[in-house]
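Protein chains: 2
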Amino acid sequence: MNVRATFDSAGVAGQINFGIGQPSPDLMPVDLFRSLSEQFIAGADPLDFNYGASQGDRRFLESLAAFLTRAYGHPAAPDSLFVTGGNSQAIELVCERFTKPGDTVFVEEPSYFLAFQIFLDRGLNIVSIPLDEQGMRMDALEDALRHHQPALVYTIPSFNNPSGVTLSGPRRERLVDLSRAHDFVIAADEVYQLLVYEGDVPPALGTMIDRGNIVSMGTFSKILAPGLRLGWIQAGPGHIKRLLESGWVNSGGSINHNSSHLARHAMDSGLQDQHIEFAVSRYRERVDVMQEELERAFRPLARWTRPRGGYFFWLELENGIDTVALRGEAIAAGTGFQPGPVFSGSGRFGHCLRLSFAHYTAAQIREGMHRLSGVLRNHA
Amino acid sequence: MNVRATFDSAGVAGQINFGIGQPSPDLMPVDLFRSLSEQFIAGADPLDFNYGASQGDRRFLESLAAFLTRAYGHPAAPDSLFVTGGNSQAIELVCERFTKPGDTVFVEEPSYFLAFQIFLDRGLNIVSIPLDEQGMRMDALEDALRHHQPALVYTIPSFNNPSGVTLSGPRRERLVDLSRAHDFVIAADEVYQLLVYEGDVPPALGTMIDRGNIVSMGTFSKILAPGLRLGWIQAGPGHIKRLLESGWVNSGGSINHNSSHLARHAMDSGLQDQHIEFAVSRYRERVDVMQEELERAFRPLARWTRPRGGYFFWLELENGIDTVALRGEAIAAGTGFQPGPVFSGSGRFGHCLRLSFAHYTAAQIREGMHRLSGVLRNHA
Numbered sequence: 001m002n003v004r005a006t007f008d009s010a011g012v013a014g015q016i017n018f019g020i021g022q023p024s025p026d027l028m029p030v031d032l033f034r035s036l037s038e039q040f041i042a043g044a045d046p047l048d049f050n051y052g053a054s055q056g057d058r059r060f061l062e063s064l065a066a067f068l069t070r071a072y073g074h075p076a077a078p079d080s081l082f083v084t085g086g087n088s089q090a091i092e093l094v095c096e097r098f099t100k101p102g103d104t105v106f107v108e109e110p111s112y113f114l115a116f117q118i119f120l121d122r123g124l125n126i127v128s129i130p131l132d133e134q135g136m137r138m139d140a141l142e143d144a145l146r147h148h149q150p151a152l153v154y155t156i157p158s159f160n161n162p163s164g165v166t167l168s169g170p171r172r173e174r175l176v177d178l179s180r181a182h183d184f185v186i187a188a189d190e191v192y193q194l195l196v197y198e199g200d201v202p203p204a205l206g207t208m209i210d211r212g213n214i215v216s217m218g219t220f221s222k223i224l225a226p227g228l229r230l231g232w233i234q235a236g237p238g239h240i241k242r243l244l245e246s247g248w249v250n251s252g253g254s255i256n257h258n259s260s261h262l263a264r265h266a267m268d269s270g271l272q273d274q275h276i277e278f279a280v281s282r283y284r285e286r287v288d289v290m291q292e293e294l295e296r297a298f299r300p301l302a303r304w305t306r307p308r309g310g311y312f313f314w315l316e317l318e319n320g321i322d323t324v325a326l327r328g329e330a331i332a333a334g335t336g337f338q339p340g341p342v343f344s345g346s347g348r349f350g351h352c353l354r355l356s357f358a359h360y361t362a363a364q365i366r367e368g369m370h371r372l373s374g375v376l377r378n379h380a
Numbered sequence: 001m002n003v004r005a006t007f008d009s010a011g012v013a014g015q016i017n018f019g020i021g022q023p024s025p026d027l028m029p030v031d032l033f034r035s036l037s038e039q040f041i042a043g044a045d046p047l048d049f050n051y052g053a054s055q056g057d058r059r060f061l062e063s064l065a066a067f068l069t070r071a072y073g074h075p076a077a078p079d080s081l082f083v084t085g086g087n088s089q090a091i092e093l094v095c096e097r098f099t100k101p102g103d104t105v106f107v108e109e110p111s112y113f114l115a116f117q118i119f120l121d122r123g124l125n126i127v128s129i130p131l132d133e134q135g136m137r138m139d140a141l142e143d144a145l146r147h148h149q150p151a152l153v154y155t156i157p158s159f160n161n162p163s164g165v166t167l168s169g170p171r172r173e174r175l176v177d178l179s180r181a182h183d184f185v186i187a188a189d190e191v192y193q194l195l196v197y198e199g200d201v202p203p204a205l206g207t208m209i210d211r212g213n214i215v216s217m218g219t220f221s222k223i224l225a226p227g228l229r230l231g232w233i234q235a236g237p238g239h240i241k242r243l244l245e246s247g248w249v250n251s252g253g254s255i256n257h258n259s260s261h262l263a264r265h266a267m268d269s270g271l272q273d274q275h276i277e278f279a280v281s282r283y284r285e286r287v288d289v290m291q292e293e294l295e296r297a298f299r300p301l302a303r304w305t306r307p308r309g310g311y312f313f314w315l316e317l318e319n320g321i322d323t324v325a326l327r328g329e330a331i332a333a334g335t336g337f338q339p340g341p342v343f344s345g346s347g348r349f350g351h352c353l354r355l356s357f358a359h360y361t362a363a364q365i366r367e368g369m370h371r372l373s374g375v376l377r378n379h380a
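These protein sequences, in sequence, are chains Z and L. Sequential numbering of the first sequence, starting at 1, is according to our numbering. Sequential numbering of the second sequence, starting at 1, is according to our numbering.
Derived from the structure by calculation, the hints contain no laboratory data. Remember, predicted model here, so these are calculated numbers, not experimental data. Each hint should be verified, as a subset may be incorrect.
[Unchecked claim] Computed list of lysine to any residue pairs in SDA-like fashion (alpha-carbon distance at most 25 angstroms, straight line):
hint	chain 1	residue 1	chain 2	residue 2
1	Z	100	L	117
2	Z	241	Z	182
3	Z	100	L	126
4	L	100	Z	117
5	Z	100	L	146
6	Z	241	L	173
7	Z	100	L	100
8	L	241	Z	123
9	L	241	Z	244
10	Z	241	Z	42
11	Z	100	Z	242
12	L	100	Z	244
13	Z	100	L	102
14	Z	241	Z	180
15	L	100	Z	182
16	L	100	Z	180
17	L	100	Z	126
18	L	241	Z	121
19	L	241	L	123
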């Protein structure tokens with residue numbers, strides 16, 4: 001990490017910063033949460049405000065199992081699920097339970113920039129495995145396995161952050177086989193699995209927990225609301241048992257009991273399914289708009305692949321443009337992005353950048369892309 | 001730890017298990033949470049459902065500062081506060097930010113049993129410092145400081161769990177001075193500070209953050225509802241900065257944005273103050289009842305001090321009774337407690353036990369104490 005990566009939260013007024021990988025306000029309608037709160041409170045019991053079970057409230061786990069069975073198209077059992085406080089905290093918890101300081105974690109190159117610091121905080125050595133258009137390269141993985149014994153392999157299999165690339169079905173099978181053969185845990189960050197705008201996506205690694213060492217992480221942040229700070233881990237019985245042995249989890253009960261009630265009502269009432277449909281339709285429209293704007297003003301300076309899901313476009317720039325420097329110019333022009341090097345374990349991608357289309361409406365995206373193309377034209 | 005300590009969650013129907021250190025259902029009235037939800041939703045903005053700031057929503061920090069200024073009787077600044085996911089997670093986060101594996105943590109003897117596993121998970125060496133009726137013994141602490149350089153000193157200064165003992169004012173001053181002289185962080189678990197039933201309590205260590213290396217942890221679990229999974233850390237600017245550098249905190253934003261809105265409305269509307277008054281009046285009544293029952297049926301087999309705050313009676317039994325074995329008999333008789341050795345870093349307190357009066361009504365406490373005295377009489 002050459003660049004100190006920070007969380008780009010709510011931006012400056014008027015700025016259209018495509019560096020922000022968060023949903024837009026119109027995708028978190030207050031009416032939806034009013035309805036969920038009312039449903040919950042109408043049937044609430046005082047014990048719903050107590051600690052709750054460490055694995056998660058039983059009703060929540062059952063609703064989640066039914067939801068995932070439907071959404072992933074594969075039976076999910078309540079006992080294979082564990083409540084989390086969102087995906088960042090889940091990654092931290094997986095590191096806590098399945099690594100020790102000095103262990104090695106394999107990450108995709110490029111990968112989610114803010115995960116790196118979680119691994120470094122845990123004293124892990126990061127080894128990068130390159131991607132191609134089919135996701136993590138299995139030849140590179142097998143080569144790395146000859147030199148390292150990783151405790152974890154961290155992957156964002158569907159619509160990788162930042163590249164948008166999806167791990168192919170055959171490679172998923174291979175990765176799962178290798179997790180058994182080499183005794184590592186696959187920490188699968190599957191937060192974009194249900195945000196599909198075009199074509200099909202291979203089965204979530206969460207559907208393959210019987211066949212390998214898989215800890216699949218999902219979150220309501222990307223399909224309902226980040227503020228709930230609620231997600232889940234799907235894993236086999238041995239891995240669930242390890243999670244439950246965590247000292248702070250054992251002490252505190254359910255990691256987010258209150259939010260789990262709201263999410264349960266969302267899943268039970270059908271509002272969760274409706275909201276995904278709504279969000280997907282909006283995101284699909286935003287992909288169209290960003291693609292149009294890129295086609296209109298970014299060729300031949302940039303190359304990219306239109307994303308089929310997730311949150312991001314990943315651009316490779318020509319002319320040796322340094323995207324870390326370019327970011328300053330973009331901010332000055334009232335826009336922004338994440339420069340490529342933050343996503344690299346080894347300082348690569350200096351000519352790349354990530355654009356999120358999630359945080360703004362279609363009209364804002366047109367305006368922001370107009371600003372950004374102006375910045376880029378100065379380098380043509 | 002001779003005894004594998006586990007979280008005693010909601011008990012068997014009909015059981016009155018004084019091992020459960022949780023509020024009773026009547027102290028988590030659904031109407032209170034209906035009111036908070038309605039207040040929040042009526043003025044909610046879509047961004048209230050987004051990630052929120054890592055230190056905590058600004059409005060929440062300001063409300064909390066005003067609340068603590070009032071409740072602790074000492075000015076608290078919003079910038080000195082940091083949102084947490086409850087106290088167990090706060091302890092874990094403090095270990096993450098202020099220790100490394102192999103470091104030493106001093107704990108009180110006895111101390112909160114479920115904290116030990118958090119320290120062990122972090123690879124810390126636990127050194128126990130005995131208590132007397134004035135709290136942690138400063139002579140023993142200073143002696144231990146001649147042999148160890150602790151990274152943390154973990155204390156429950158007010159109404160220690162399990163002993164009910166409170167660290168005296170002069171010892172608080174001494175402890176704070178020592179934290180500077182010996183460069184350790186005081187991890188102050190101040191969750192019972194506002195549950196005072198008799199007399200006064202010395203100032204919270206949270207009011208002394210300008211004078212020593214103090215990280216004070218508080219929680220809404222004990223004053224509002226555990227299910228919110230919401231607490232706070234109060235600390236100086238250097239310590240707050242260290243917390244914000246956590247990889248998973250930086251990635252995830254506010255640790256519990258949604259719950260922080262509910263707590264903010266509780267503090268702003270006066271419902272938080274009212275609820276503490278209500279809870280304190282109930283707990284005070286329960287102390288009376290448990291004290292009466294102990295006086296009636298537990299002398300001369302047991303010795304104890306009537307608690308002036310917190311959640312617990314701590315009993316020392318005569319006749320060499322082994323409380324670990326006794327617990328099985330108690331469970332068979334439809335009651336329960338926590339045996340002394342779980343609270344020891346060195347297997348002590350085999351003749352002690354902890355009774356919580358928080359989880360049951362006065363009538364249930366009478367019935368449970370009747371059952372427990374029957375068990376004890378078999379050993380007279």
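Each hint, compared with the structure:
1. 100/Z x 117/L: holds, 16 angstroms
2. 241/Z x 182/Z: Roughly 21 angstroms separates the two Cα atoms, so the pair holds.
3. 100/Z x 126/L: holds, 19 angstroms
4. 100/L x 117/Z: holds, 16 angstroms
5. 100/Z x 146/L: With a Cα-Cα distance of about 30 angstroms, the restraint between residue 100/Z and residue 146/L is violated, given a limit of 25 angstroms.
6. 241/Z x 173/L: violated, 43 angstroms
7. 100/Z x 100/L: holds, 12 angstroms
8. 241/L x 123/Z: Measuring from Cα to Cα gives roughly 20 angstroms; hence the hint holds.
9. 241/L x 244/Z: violated, 30 angstroms
10. 241/Z x 42/Z: violated, 34 angstroms
11. 100/Z x 242/Z: holds, 14 angstroms
12. 100/L x 244/Z: holds, 23 angstroms
13. 100/Z x 102/L: Cα-Cα ~12 angstroms, so holds.
14. 241/Z x 180/Z: holds, 18 angstroms
15. 100/L x 182/Z: With Cα atoms ~29 angstroms apart, residue 100/L and residue 182/Z exceed 25 angstroms; violated.
16. 100/L x 180/Z: Between residue 100/L and residue 180/Z the Cα gap is close to 31 angstroms, so the pair fails against 25 angstroms, i.e. violated.
17. 100/L x 126/Z: holds, 19 angstroms
18. 241/L x 121/Z: holds, 15 angstroms
19. 241/L x 123/L: holds, 24 angstroms
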